[in-house]
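S.K.: Given chain A's structure and the hints, the job is docking chain B onto it.
2 protein chains.
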Amino acid sequence: MSPTEARARFRDGLSVPTSGWSAGWTQANLIAVPREQAYDVLLFAQRNPKPCPVLDVTEPGEVACEIFDGDLRTDLPGYRVYEHGELVDEVTDVRDLWRPDLVAFLIGCSFTFEAALLEAGAPVRHIETGSNVPMYRTNRPCRAAGSIGGPLVVSMRPMPAEQVATAVRVTSRYPAVHGAPVHIGDPAALGIRDLAAPDFGDPVHVRDGEVPVFWACGVTPQAAIMQSRPPFAIGHAPGMMAVTDARDSDYLVP
Amino acid sequence: MSPTEARARFRDGLSVPTSGWSAGWTQANLIAVPREQAYDVLLFAQRNPKPCPVLDVTEPGEVACEIFDGDLRTDLPGYRVYEHGELVDEVTDVRDLWRPDLVAFLIGCSFTFEAALLEAGAPVRHIETGSNVPMYRTNRPCRAAGSIGGPLVVSMRPMPAEQVATAVRVTSRYPAVHGAPVHIGDPAALGIRDLAAPDFGDPVHVRDGEVPVFWACGVTPQAAIMQSRPPFAIGHAPGMMAVTDARDSDYLVP
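Protein chains in written order, with full-length UniProt numbering: chain A, 1 to 254; chain B, 1 to 254.
If you are wondering where the hints come from, they were derived from the structure by calculation, not from laboratory data. Even glycine gets a Cβ: it sits at the ideal position worked out from N, Cα and C. Where hints are given, some of them may not hold.
[Stated by the list, open to error] Computed cross-link-like contacts, DMTMM-like style, restricted to lysine to aspartate or glutamate with a CA-CA straight-line distance of at most 20 Å:
# : chain 1 : residue 1 : chain 2 : residue 2
1 : A       : Lys50     : A       : Asp40
2 : A       : Lys50     : B       : Asp250
3 : B       : Lys50     : A       : Asp56
4 : A       : Lys50     : B       : Glu66
5 : B       : Lys50     : A       : Asp250
6 : A       : Lys50     : B       : Asp56
[Stated by the list, open to error] Just so you have them, the derived chain B footprint on chain A, three or more residues with Cβ under 8 Å:
# : stretch
7 : 30-43
8 : 46-60
So here's chain A without its partners, still in its complex pose (with noise of 0.2 Å):
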């Protein structure tokens, strides 16, 4: 199904994770805040690009960028609604309050990468179960920009240390989604005490033979916008991403 489709479908009131949809093409996290914080945002994100790469802005009030020509306020299948950093709301048309001063933040997700592993043979554990990825806030703060800052926030997927190599060399070829992963083995050294229980997302089972990988994360900013309290901001909702007009293959480097 192309992006135009299934983002028609979702406008018409289609609530379901995108996990899977539009093969190929790219899936992207939503953060949306006012124009006095965007300069924030896209400096945290400039220092951490990592957990947030960004993938494009939009311009204020606009509800469609280059990459996504589509309608922001009701394409996704979900959205969170914030304020002061409390989840207040979350509905699936956020036309009522978009605001003509709102920047939308369009940021890399894993899914990108996610294909990349299962092509080369690597195990994605969440997807084998129909689950959500397992994610955790780590005790590794992100470099802070103004008035926005938070925790490194990771995904985790379970590889049998003989391919942990190859899920290192596949998703470093990603390095506008994410890339290589920030650790490897040890949850403890990131803080993480306990794998079965994620911060977000459901947990998964990490078997005998099994290491636990470690990536950058997306949820990042809407950890560090819960944290920084802006007065007002809009999230996608978990696992419901704004499927892109870009191409996995756009983000591939040689």
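M.R.: Same frame as chain A, but now just chain B:
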């Protein structure tokens, strides 16, 4: 000579081009603007990463940052001061001009990949001749960002036809400092009428059997500043870059 030592010489008043100084350490373009314009400059850079690869950004009023452990007001060999887009002064110390709301951007410079070209046996003509690299305004507009827009500026290095592929391969490995060429051959297609009359820097000779190879150039943001006329800006003087504490190898991808 270490970056600290080089910066001390420049701080003491030495005003010379930095080409060849502190080999292996990354040099950077400087552009500083008031906080009011900083979002537009940062977004311009984000939208035009090939000419404007941001290496670091200071907090407002600060004169150092993670990759530059010195004083940005004194430690470059020369500065250019702009008011409303007009060059109003060229000085070696901007302590009197540095405002508490200034934000400084350090932007990647092709010196980084020129060392790699030489190591790979590809010629760098302007280094052979001891002149400045020739730079040209093109007919390709950058993607604008709010108040900031302008043409893509390119640098040109002639390559023997059999070494063009080497030049592409080597510079592709430095995506954070302009990366692969944006154009190979045919200056007219970029709107360049006369290679012998560059808009910045010095002309170099393209020999028989050589092809002009064009890279996105870090002068692009200064050209955009001149065209977009923000009230105030400070840049480095041509060829007199910020010698940073980052290593060229930090920007090399596998």
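S.K.: Would you mind marking each hint as holding or not holding in the structure?
M.R.: Quick rundown of the hints versus the structure:
1. A:Lys50 / A:Asp40: 17 Å, holds
2. A:Lys50 / B:Asp250: 15 Å, holds
3. B:Lys50 / A:Asp56: 15 Å, holds
4. A:Lys50 / B:Glu66: 17 Å, holds
5. B:Lys50 / A:Asp250: Holds, at about 15 Å.
6. A:Lys50 / B:Asp56: 15 Å, holds
7. 30-43: holds (count 5)
8. 46-60: This one holds; 5 residues, not fewer than the three required, reach chain B with a Cβ under 8 Å.
Checked against the numbered hints above, the structure breaks none of them.
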